[in-house]
Amino acid sequence: MTEWAVRLWRASIEGLRALGDVSLWAPLLRASLLLVVGVVLARVVRRVLSRVMYASHAQTRVLVQRVASWAVLGVFVVSALRELGFDFAVVLGAVGILTAAAAFASQTSASNVISGLFLGIEGTVSIGDIIRVNGVTGEVLAIDMLSTRLRTFDNLMVRIPNETMMKADITNLNRFPIRRYDLQIGVAYGSDLGKVHAVLMEVADANPLVLEEPAPLIIAQGYGASSIDLQFSVWARKEAYLEVRNDVQRQVKSAFDRAGIEIPFPQVTLHAQGPVPSAAEPPSQGAPDATNPDDAPSEPSADDVDDQDSARG
Amino acid sequence: MSTSPPSWWSPCRIAVGEARRWTIGPASLTAERRAHEWRVTVATGDDPLEADLEVAEVVDPAQPATAGATTSTRRFAFDASPASLALEPRLADRDVVVRPADPLTIPAGQTTLLYVSTPLWFSAATVDPRHTLFEAPFFRPSDTWFGPSTVEGELCYASRTTGRLDLSELPVRPHRAITPVRIRNRAKEPLPLERLKLPVGILPLLAGPRGLWTPQIVLTNSEGADRADIVVQPGAPSEAGSVVAIAQPRGRPDTALSLRTFGRWLRQGAAS
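As you go down the protein sequences, you meet chains A and B in turn.
Start counting the first sequence at 1; every next residue gets the next number (the working numbering).
Start counting the second sequence at 1001; every next residue gets the next number (the working numbering).
Any given hint could turn out to be false.
Under the rule of at most 20 Å between Cα atoms (straight-line distance), these lysine to any residue pairs were calculated in the SDA-like manner [unchecked claim]:
#, chain 1, residue 1, chain 2, residue 2
1, A, Lys-253, A, Ser-233
2, A, Lys-238, A, Leu-217
3, A, Lys-238, B, Thr-1112
4, A, Lys-238, A, Leu-183
5, A, Lys-238, B, Arg-1140
6, A, Lys-238, A, Lys-253
7, A, Lys-238, B, Thr-1150
8, B, Lys-1188, B, Arg-1140
9, A, Lys-238, B, Pro-1234
10, A, Lys-238, B, Glu-1152
11, A, Lys-195, A, Leu-270
12, A, Lys-253, A, Glu-202
13, A, Lys-195, A, Gln-184
14, A, Lys-167, A, Lys-195
15, A, Lys-167, A, Asp-144
16, A, Lys-167, A, Val-125
17, A, Lys-238, B, Asp-1093
18, A, Lys-238, B, Glu-1154
19, A, Lys-238, B, Pro-1148
Among chain A residues calculated to face chain B with C-beta under 8 Å, some are [said to hold, decoys possible]:
#, residue
20, Ala-55
21, Val-136
22, Phe-176
23, Ile-178
24, Val-210
25, Glu-212
26, Glu-213
27, Pro-214
28, Trp-235
29, Arg-237
These are computed hints drawn from the structure, not numbers from a lab.
Just so it is clear, the structure is predicted and the values come from calculations on it, not from any experiment.
All C-beta atoms in this analysis are idealised placements derived from N, C-alpha and C, irrespective of residue type, glycine included.
Bound conformation, chain A alone (with noise of 0.2 Å):
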């Protein structure tokens, strides 16, 4: 007890020596305060480049920022393991044994990686931009190295690889100005085209938001089971977009049923075959009696089912 009690105290004595020796905190106190700079060089370049760049496209200025602040934080990051006397020359040879495995072990994080500068070098998509893809629309709130995150409409977050977003098709919904509503309708075989075509027209016309040019065009889509289908698709500039959409759909409904022009539904008229029983009335002798299974009518034929519009009926 008493000899191992000594060794303790001579190992502390030995340890509390080999601190008080300069040449061995040099190098870490150097190594400690490259690494410092460096956090603080990097963040700084990351802030002028912000100031500098801030008429860039976000996209760009990000791209930009992660570059270079990544580049000085490496530089000290190596200057600071070449204090602690790391070998680069050991370090490289090595660097080709641990890039095999890593590739083996990191093929869907490269591959994400990789995406995400073709996706930052195409522009396709840009931070800010409301996009479609794969079902989700939302606005792009970064695009990452490994993956780019949308905050959809009703607040969720959605986080996309990188490398999906390079297969899978993207629509980017604010890309340009102005946009086109198309509202599909149908009217009434009854009714005058001529009217239908007017009351469209004053319901653009009597909104400020749908553009005057490009002028709102009525597409005839064709004879409809129910109705003659028409398409009627006006502009908006992007920012009007949903106002415009929810604005026409009202007015267009208000300026029928005014103008009196039915938007018909499709409804589905069965002609019965022989006589109808009335509940007062017991069945006849011979006629067939609805209660009785055996002289239920059968189910009415194709030939019997009729679709109708109300408008004709």
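On the provided structure of chain A, position chain B as indicated by the hints.
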């Protein structure tokens, strides 16, 4: 002898508890002064070409301006409400696209003078101390797109009126300004004038006995150029009579510009 229309842009002193109403074209503005508050209600009618003009009538604020009009009320709080209010006319905050009354073609080497009227905005401001309360159009014009395609172009307002070759055909309205536009076709081909974009942001506003005007602008269409040279003539147009400047240009008042001004695009491109 012609009488000048009343100038609706002069400041008006309003006592605490009093309300006054300006009816200018399709819009009616009711301003009520309270001890610590200005309450301003704007009612807009349906007809953008209405030419009514009533200036600062004393009214009961509870009485609606126009039946069926769209109204909006704004309130502004002060330590002590300033005593005077002024409505200041402004030209539109975007360029305005105008069409001639009928399709018009200017043959090669010819010059024509077209009179166009554009919609005005107003800015409501207290006078002493000066605080701009808000700015609004008398009647919100329709948006329109001016450019060679749906991808390239500029968002503008569409004028409800058409350009006229004869000034007497253009009614004077208190909420619109008249701009004489001289168009020179220096190209070898005739210039079909379907749409004309007026850069109202570079024009000052002038008031005269025949209403509100801007200086004349001269557009020159040259051979092979897709843009027209624009020169804003210094001084007032002779047709306007004796005028005073009542509003400075919104943008930089350059006197010489080159802009896309004539439009004959888009009919085919947007239809697909």
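Hint check results:
Restraint check for Lys-253 of chain A and Ser-233 of chain A: satisfied, since their Cα atoms lie roughly 15 Å apart, inside the 20 Å limit. Taken as a hint, the Lys-238 of chain A and Leu-217 of chain A pair is honoured in the structure, with Cα atoms around 18 Å apart against an allowance of 20 Å. Taking the CA atoms of Lys-238 of chain A and Thr-1112 of chain B, the gap is about 37 Å. The hint is violated against a cut of 20 Å. About 16 Å separates the Cα atoms of Lys-238 of chain A and Leu-183 of chain A, which keeps this hinted pair within 20 Å; it holds.
For the hint pairing Lys-238 of chain A with Arg-1140 of chain B, the CA-to-CA distance comes to about 18 Å; that is within 20 Å, so the pair holds. For the given pair, Lys-238 of chain A sits about 23 Å from Lys-253 of chain A by alpha-carbon distance, which is inconsistent with the 20 Å threshold. A hinted pair counts as satisfied when its Cα atoms are at most 20 Å apart, and Lys-238 of chain A with Thr-1150 of chain B qualifies at roughly 12 Å. A hinted pair counts as satisfied when its Cα atoms are at most 20 Å apart, and Lys-1188 of chain B with Arg-1140 of chain B does not qualify at roughly 39 Å.
For the hint pairing Lys-238 of chain A with Pro-1234 of chain B, the CA-to-CA distance comes to about 38 Å; that exceeds 20 Å, so the pair is violated. Restraint check: the Cα-Cα separation between Lys-238 of chain A and Glu-1152 of chain B comes to about 14 Å, which is no more than 20 Å; the hinted pair holds. For the hint pairing Lys-195 of chain A with Leu-270 of chain A, the CA-to-CA distance comes to about 33 Å; that exceeds 20 Å, so the pair is violated. Taken as a hint, the Lys-253 of chain A and Glu-202 of chain A pair is honoured in the structure, with Cα atoms around 13 Å apart against an allowance of 20 Å.
A hinted pair counts as satisfied when its Cα atoms are at most 20 Å apart, and Lys-195 of chain A with Gln-184 of chain A qualifies at roughly 17 Å. Taking the CA atoms of Lys-167 of chain A and Lys-195 of chain A, the gap is near 48 Å; set against the 20 Å cutoff, the hint is violated. Between Lys-167 of chain A and Asp-144 of chain A the alpha-carbon distance is near 17 Å, which keeps this suggested pair within the 20 Å criterion. For the given pair, Lys-167 of chain A sits about 14 Å from Val-125 of chain A by alpha-carbon distance, which is consistent with the 20 Å threshold.
The suggested pairing of Lys-238 of chain A with Asp-1093 of chain B holds, with an alpha-carbon distance near 18 Å, which does not exceed 20 Å. Simply put, Lys-238 of chain A and Glu-1154 of chain B have alpha-carbon atoms about 13 Å apart, close enough for the 20 Å limit, and the pair holds. Distance check on the hinted pair: Lys-238 of chain A and Pro-1148 of chain B sit about 18 Å apart at the alpha-carbon level, within 20 Å; holds. Proximity of Ala-55 of chain A to chain B is violated relative to the hint, the smallest CB-CB distance being about 19 Å (cut-off 8 Å).
The beta carbon of Val-136 of chain A is not positioned within 8 Å of any beta carbon in chain B (closest approach about 25 Å), and the interface hint is therefore violated. A cut of 8 Å between beta carbons decides the hint on Phe-176 of chain A: the least distance to chain B is about 5 Å, and the hint holds. For Ile-178 of chain A, the interface hint holds, the least distance from its beta-carbon to any beta-carbon of chain B being 6 Å, beneath 8 Å. At its closest, the beta carbon of Val-210 of chain A sits 7 Å from a beta carbon of chain B; the interface hint therefore holds under the 8 Å criterion.
The interface hint given for Glu-212 of chain A holds, since its Cβ lies 4 Å from the closest Cβ of chain B, which is under the 8 Å cut-off. The interface hint given for Glu-213 of chain A is met, as the beta carbon of that residue sits about 5 Å from the closest beta carbon of chain B, less than 8 Å. Hint on Pro-214 of chain A holds. Least Cβ distance to chain B is approximately 3 Å, under the 8 Å limit. Given the 8 Å rule on beta carbons, the hint for Trp-235 of chain A holds: about 7 Å separates it from the nearest Cβ of chain B.
Because the beta carbon of Arg-237 of chain A sits about 6 Å from the nearest beta carbon in chain B, less than 8 Å, this interface hint is met.
Violated hints for the displayed structure, listed by number in ascending order: 3, 6, 8, 9, 11, 14, 20 and 21.
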